[in-house]
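A.B. asks: Here is what each chain is made of, one letter per residue.
2 protein chains.
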Amino acid sequence: MNFDPQTLRYDEKGLIPAIAQDHESGQILMMAWMNADAVRQTLETGRVTYWSRSRQAFWVKGESSGHVQKLVDFRFDCDRDCVLVVVAQSGPACHTLRQSCFYTAVREGAEVELMAPLIDPA
Amino acid sequence: MNFDPQTLRYDEKGLIPAIAQDHESGQILMMAWMNADAVRQTLETGRVTYWSRSRQAFWVKGESSGHVQKLVDFRFDCDRDCVLVVVAQSGPACHTLRQSCFYTAVREGAEVELMAPLIDPA
Numbered sequence: 001m002n003f004d005p006q007t008l009r010y011d012e013k014g015l016i017p018a019i020a021q022d023h024e025s026g027q028i029l030m031m032a033w034m035n036a037d038a039v040r041q042t043l044e045t046g047r048v049t050y051w052s053r054s055r056q057a058f059w060v061k062g063e064s065s066g067h068v069q070k071l072v073d074f075r076f077d078c079d080r081d082c083v084l085v086v087v088a089q090s091g092p093a094c095h096t097l098r099q100s101c102f103y104t105a106v107r108e109g110a111e112v113e114l115m116a117p118l119i120d121p122a
Numbered sequence: 001m002n003f004d005p006q007t008l009r010y011d012e013k014g015l016i017p018a019i020a021q022d023h024e025s026g027q028i029l030m031m032a033w034m035n036a037d038a039v040r041q042t043l044e045t046g047r048v049t050y051w052s053r054s055r056q057a058f059w060v061k062g063e064s065s066g067h068v069q070k071l072v073d074f075r076f077d078c079d080r081d082c083v084l085v086v087v088a089q090s091g092p093a094c095h096t097l098r099q100s101c102f103y104t105a106v107r108e109g110a111e112v113e114l115m116a117p118l119i120d121p122a
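The listed protein sequences correspond, in order, to chains G and Y.
Take the first sequence: its position 54, counting from 1, is numbered 54 in full-length UniProt numbering, and each next residue is one higher.
Take the second sequence: its position 86, counting from 1, is numbered 86 in full-length UniProt numbering, and each next residue is one higher.
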């Protein structure tokens, strides 16, 4: 790999926001954070890997839940300070078992729930 | 409006990341930042308004360029610490005059440009 993850721009904590989008539906699934090593691992393994700010550890998405994200395309923005991972998502992306973390809208001043948790067949 | 923007979770600088997605194509256009007042203004005016970290000022998207974002739906994620604005975008979203800021991919270790600047008919 010639691409150097260090050429992206990280914040003062060494992190860059990463948006995950479903490669088929275009649905935005979640937003989490990566550091340069998580970017490198994601590109090298094809398994989307974030940096967990709460656990201060690598977070290979789906490692415990099975809800993995297979990398389809890796993109970044004009300022090189935000990543977009286009993914094939197994199962729900959200820890609430909803397809996407963005399941709440504000409409006419009220919070509206847009989707219900998926029933896990397992 | 009953929804209180202060119920979202902002970082230590009082900011929350906001992803803009085109309401028709599903394309992810850009990512920028809002503070609670920018959230309030966005909801009240229907014109997407960010907080410019470089200028330390409100940034009514398109105010100078004309490339405005009309709010179609306002959503936030399960942790209440990331916003998704679904928008009707006039013209290109990116300051480089590309439709989206995410015009660069990393493929087989190389940076690949996915889209060219739009020609402004004006």
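No lab work stands behind these hints: they were computed from the structure.
Owing to the predicted nature of the structure, the values given are computational and were not obtained by experimental measurement.
Where hints are given, some of them may not hold.
Treat identical chains as interchangeable: a pair holds within one or across any two.
Stated by the list, open to error - List of simulated lysine to aspartate or glutamate pairs, DMTMM-like, C-alpha gap at most 20 angstroms: (1) K13 / E24; (2) K70 / E108; (3) K70 / E44; (4) K13 / D73; (5) K13 / E111; (6) K13 / D81.
A.B. asks: It remains to establish, for every hint, whether it holds in the given structure.
C.D. replies: Evaluation of the provided hints:
With identical chains, the CA atoms of K13 and E24 are never at most 20 angstroms apart, being 33 angstroms at best within one copy and 35 angstroms at best between copies. Taking identical chains as interchangeable, the C-alpha atoms of K70 and E108 lie at most 20 angstroms apart only when they sit on different chains, with a minimum of 16 angstroms there against 37 angstroms within one chain. For the homomeric pair K70 and E44, the shortest alpha-carbon distance inside one copy (12 angstroms) is at most 20 angstroms, but the shortest distance between copies (39 angstroms) is not. For the identical chains of this complex, K13 and D73 are neighbours neither inside a copy (25 angstroms) nor across copies (31 angstroms), given an alpha-carbon limit of 20 angstroms.
Taking the shortest Cα distances, K13 and E111 never come within 20 angstroms of each other, neither inside one copy (32 angstroms) nor across copies (25 angstroms). Taking the shortest Cα distances, K13 and D81 sit within 20 angstroms of each other both inside one copy (13 angstroms) and across copies (17 angstroms).
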